[in-house]
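Colleague: Each chain, written out:
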Amino acid sequence: MFLKRQVPLAIVFIVGVIMLLSWFIPHEPFANLEIHATQWFDIIASFAMILGALNLLKLQGRKVIRRQKGWFYSLAAVLGFFLTLTFGFFFKGGYYLEVKDVGPNAPYFNQRVSEVTHTEIDAVERAFSKIGKGKPINCNFYTHGGALKLYNELSSKGAVVEIKQLPWGSHLQERGTFYSWIFYSIFTPLTSTMFALLAFFVASASYRAFKIRNLEATILLAAGIIIMIGRVPLGAYLTGWLPSWLQWLHLPRLQEWIYQYPNAAGARAIMIGIGLGIVGTSLRVILGIEKSFMGEK
Amino acid sequence: MSGKFNAFLQNLDKLDRRIIFLIIGLAVLFPLLVPLNLPVEPTGLTRDAFETIHNLPDDATVLISFEYGPSTKPEIHPMAVSVLRHFFARGYKVVVMCLWPDGLFMAREALDEVLNDERFRDLEYGVDYVNLGYRPGNEAVIKGITKSFAANFTVDSKQTDISEIPLMRDIRTVADVDFIFSLSAGYPGAIEWVLYASDPLQIPISSGNASIQVNQLLPYVKSGQMKGVVAGMPGAAEYEALMVEYGLWNTRGEAAKSMDAQSIAHLVIVLFIILGNIAYYAKRKTQKKY
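These protein sequence lines are chains V and W, in that order.
First residue of the first sequence: 1253, per the working numbering; consecutive thereafter.
First residue of the second sequence: 35, per the working numbering; consecutive thereafter.
These aren't lab readings, by the way, just hints derived from the structure by calculation.
You may find that some hints are simply not true.
[Claimed, not checked] Sample of chain V residues with no beta-carbon within 12 Å of chain W, all distances over it, derived: (1) 1323; (2) 1343; (3) 1436; (4) 1442; (5) 1457; (6) 1533.
[What the hints assert, rightly or not] Some chain W residues judged to face chain V by a derived CB distance under 8 Å, without partners named: (7) 104; (8) 138; (9) 160; (10) 162; (11) 170; (12) 301.
Even for Gly, the Cβ is constructed at its ideal location relative to N, Cα and C.
All chains, please: the whole structure from these sequences, using the hints.
Modeller: As structure tokens, this is what we get:
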């Protein structure tokens, strides 16, 4: 009981108080405490990620095994998880050629590299005019075979090239790796589609729900319409003819006023409320009044 | 006749949503196929952000952070490209980092697109710009780099040791940069940059955001903690227009082209709202009658 209850409370209290004090004391040992604290946070967050992954597998795996409703979606989630893990940790792809010497047939080299990198020939020529110890061709291949094909083509014309593979880590952002394939071919279309659907649902929901029922709804509706039309070029186009004494009715101007004054005032009130709430909750956690982080009510 | 018309108005309330979807789809598609070239008028918020960037010292070092993914790419990516072009055109040194894992790809794409231009091809990685990549930890990363870059980013996105990157030799903490620009679509994003880096260290900051996020940022803009804000796709189009106005670019950008579609889509939504209200009143009138 002591280990499960008193020790976590003591840790939270001591760390909370020290971190609070460090904000006000810009001297050692408090001054550099934040660096250590953020690194601890990174380490703990890494473990949290592992726990999160295990939790995902447990929940989705259970659904698949028990064939619960929608189990095939869970199966897709589990397969997606392992596929991404495999391409992130085991099969990276990302083979590329490093040029040591363009060789005697420079025009052929420039032409071929221009084709595979989709760059203009003069840009390729300029880029490979100074090679130094070696310069990579900006085109990655998923497989060694793909890189070998280009290697053979260039070598046969006298260029000195070497097949290399991207280091672990940079394979997470470069094209021509299996991880980036998942990102560009699966993740990107899926998330883009989900977000794009919003336009359709917003239109349908506005049609059904945006009704002038009372004064508040009318003000909201008028503000919404002014923002929607005033934010886009059409707003400027529609009210561009207004004479100078009516310029305050120019829709872009009107929408900016709504944005910057009534809207900012409302947002500020909400922010102050949230800020006070955070202070209150943090103090409750530090002082051990709020114990939900230990699983207690 | 009036009875039939009344019935029609009442039935509008039950309009099949697939018809609404179809009309919205066509309203978006049509201007993309046939551009209307509607003029873009920069607002004060975008102009403030643009001019703050434009008036930085010639030898300024700027930090740009990518906190968005594919879902908000159409809104934020055009401004990422424009802002990077602006930085490079003014000759600033650029430090790129990401607080979102997807941001890594977005940063890479934006850099590729910008550096592919004739004007910027001679820029050298590690000297003129660097991509530090992604670090997990959200605001803890921001807090961390206020004390030390090296402790949080031991290597860049190409896995080069940070001590071997010439540009990073003079940048020990975020206090050594002259300006921060956060391309943000949520948490962690621009607000965290203001709270943990910009405001405590008094580094000027501006941000490019998804439209939906802008109202949360306006209090920071009004208080002067943030120098303008580039708000959504309209903001991106305005930034592109300002690039042309200042002679830094010469063509209408991606965002400006997309604004035609957004204009018509917004107009159609407003028409639907009006139609919905007419149907609502027709129905209410009949209900009152009986």
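Colleague: If a hint holds in the structure, say so; if it doesn't, say that too.
Modeller: Hints and how they fare:
At the 12 Å boundary, the C-beta of residue 1323 (chain V) stays outside the reach of chain W, the nearest C-beta of that chain being 27 Å off. Listed as a non-interface residue, residue 1343 (chain V) keeps its Cβ farther than 12 Å from every Cβ of chain W; the least gap is roughly 18 Å. Non-interface status of residue 1436 (chain V) relative to chain W is broken: a Cβ of that chain comes within 12 Å, the nearest being about 8 Å off. Non-interface call for residue 1442 (chain V) relative to chain W: violated, since the shortest CB-CB distance, roughly 9 Å, does not exceed 12 Å.
Non-interface status of residue 1457 (chain V) relative to chain W is broken: a Cβ of that chain comes within 12 Å, the nearest being about 9 Å off. Residue-level check passed: residue 1533 (chain V) sits 17 Å from the nearest beta carbon of chain W, beyond 12 Å. Restraint check, residue 104 (chain W) versus chain V: the minimum CB separation of about 4 Å is within 8 Å; hint holds. Of the supplied interface hints, the one on residue 138 (chain W) holds, with its beta-carbon coming within about 4 Å of a beta-carbon of chain V, less than 8 Å.
A distance limit of 8 Å between C-beta atoms decides the matter here; for residue 160 (chain W) the minimum to chain V is near 14 Å, and the interface restraint is violated. Among the interface hints, the one on residue 162 (chain W) is violated; its C-beta lies about 16 Å from the nearest C-beta in chain V, farther than the 8 Å criterion. With a least beta-carbon distance of about 6 Å to chain V, the hint placing residue 170 (chain W) at the interface is held under the 8 Å criterion. Taken as an interface hint, residue 301 (chain W) checks out: its beta carbon lies about 6 Å from the nearest beta carbon of chain V, inside 8 Å.
Violated hints, listed in ascending order, are 3, 4, 5, 9 and 10; each of the other numbered hints is respected by the structure.
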